[in-house]
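Peer 1: Let's have the full structure, built from the sequences with the hints guiding it.
Reading the sequence shown from the start, the letters are residues 9 to 316 in my numbering.
Just so you know, the hints here were simulated from the structure itself, not pulled from any lab data.
Misleading hints may appear alongside valid ones.
What the hints assert, rightly or not - DEER-style ranges, computed between Cβ atoms: (1) Leu255 to Asp172: 21 to 27 Å; (2) Leu255 to Tyr280: 22 to 28 Å; (3) Val267 to Ala294: 31 to 37 Å; (4) Glu295 to Ala181: 15 to 21 Å; (5) Glu283 to Gly177: 41 to 47 Å; (6) Ser220 to Ser277: 40 to 46 Å; (7) Arg214 to Arg259: 36 to 42 Å.
Glycine included, C-beta positions come from ideal geometry on N, C-alpha and C.
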Amino acid sequence: MTTDHLTDQRQLADSLATSRGISLAISMGMRHHSQHRRLGHVDGALTRILVPAGLVGAVFGVIVARIIPVELSRVAFAALPALAALRLLAGRYPAEATTDRGANRARHARVAEEAPMTITTRGVRMLLTGSVLLGAVVAGTAHAGDPAASNDAAWATAIDAMADALSKGDVGAAVTARQQAYLAALGSRRWDAMADVGDATLKLARTRSLRSVMEAEARRVYMVALFRARRQGSVHGVLRVTEAFALLGDRDVARQGLVIANALAVASSDPYARERVRALQERLAAESSLVGGVRPPAGNARGSHGGE
Numbered sequence: 009m010t011t012d013h014l015t016d017q018r019q020l021a022d023s024l025a026t027s028r029g030i031s032l033a034i035s036m037g038m039r040h041h042s043q044h045r046r047l048g049h050v051d052g053a054l055t056r057i058l059v060p061a062g063l064v065g066a067v068f069g070v071i072v073a074r075i076i077p078v079e080l081s082r083v084a085f086a087a088l089p090a091l092a093a094l095r096l097l098a099g100r101y102p103a104e105a106t107t108d109r110g111a112n113r114a115r116h117a118r119v120a121e122e123a124p125m126t127i128t129t130r131g132v133r134m135l136l137t138g139s140v141l142l143g144a145v146v147a148g149t150a151h152a153g154d155p156a157a158s159n160d161a162a163w164a165t166a167i168d169a170m171a172d173a174l175s176k177g178d179v180g181a182a183v184t185a186r187q188q189a190y191l192a193a194l195g196s197r198r199w200d201a202m203a204d205v206g207d208a209t210l211k212l213a214r215t216r217s218l219r220s221v222m223e224a225e226a227r228r229v230y231m232v233a234l235f236r237a238r239r240q241g242s243v244h245g246v247l248r249v250t251e252a253f254a255l256l257g258d259r260d261v262a263r264q265g266l267v268i269a270n271a272l273a274v275a276s277s278d279p280y281a282r283e284r285v286r287a288l289q290e291r292l293a294a295e296s297s298l299v300g301g302v303r304p305p306a307g308n309a310r311g312s313h314g315g316e
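Peer 2: What follows is the structure, given as structure tokens:
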């Protein structure tokens with residue numbers, strides 16, 4: 009569970025860092041407005057709005073970290089600080105400034121009377137615009153975060169590109185394509201995406217210079233796939249990854265995978281789930297004796313979780 013937890017923590021840390029960028033941009037805009045306020049150019053309404061807006065932006069970044077895939081959140085949140093700064097600096101101020109407070113107040117009153125939109129209204133409008141943009145980002149990417157609805161084209165295309173590069177002997181391009189497949193699979197939150205990337209990583213491990221590095225990477229990717237499959241209640245997913253660990257010679261992980269599959273099968277409404285677990289356990293035990301000692305319980309049991 010450690011690898012899956014670290015993956016989630018890294019995604020959370022990315023969004024925390026970018027939300028700090030949003031807060032920094034808002035703070036810079038607040039200082040900019042404060043300077044003009046001291047000269048009598050603007051009132052303090054927008055300044056008062058920006059303080060809670062900065063806090064809301066930071067909190068919202070943490071919440072969205074649980075929805076938006078990590079690579080998309082980097083792009084979205086990297087653009088927002090610049091957008092916020094430009095919007096804050098786009099306010100209209102009198103071209104001339106004097107040190108006469110009375111003259112500045114009179115000029116400010118005249119501008120306020122002539123302008124139908126006040127500073128406060130512009131501030132609220134700015135915040136609403138930001139909310140709409142954030143809502144669009146969430147609406148457009150939350151679907152990608154749904155394991156059942158994610159489009160597999162991204163990681164599958166990258167894996168195909170990796171295979172093509174390997175066939176041409178371009179190891180560098182193959183490594184790059186594998187990394188792209190990994191990022192797409194990470195964002196999908198699907199166990200099968202990670203399992204596919206694990207299989208592709210083992211193909212790279214056939215390259216002598218990359219063998220030790222890629223075998224270790226394959227184990228890491230398979231571990232993420234295992235915990236995703238367990239979390240999603242997929243007996244098929246757990247069995248697929250368990251077999252991969254057995255072929256890698258990871259006896260302890262393969263045994264634990266069968267234990268997980270066993271528990272899911274007992275709770276599954278699929279009457280054939282436990283048979284599949286038993287079949288894999290017996291086959292692996294007969295082939296290499298890697299995963300002996302795990303026996304599915306006899307009898308039928310039903311639960312609330314599906315096996316697939």
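Peer 1: Look at each hint and say if it fits the structure.
Peer 2: To see whether the hints hold, each was checked on the structure:
no. : hint                         : verdict
1   : Leu255 to Asp172: 21 to 27 Å : holds (25 Å)
2   : Leu255 to Tyr280: 22 to 28 Å : holds (23 Å)
3   : Val267 to Ala294: 31 to 37 Å : violated (19 Å)
4   : Glu295 to Ala181: 15 to 21 Å : violated (35 Å)
5   : Glu283 to Gly177: 41 to 47 Å : holds (44 Å)
6   : Ser220 to Ser277: 40 to 46 Å : holds (43 Å)
7   : Arg214 to Arg259: 36 to 42 Å : violated (23 Å)
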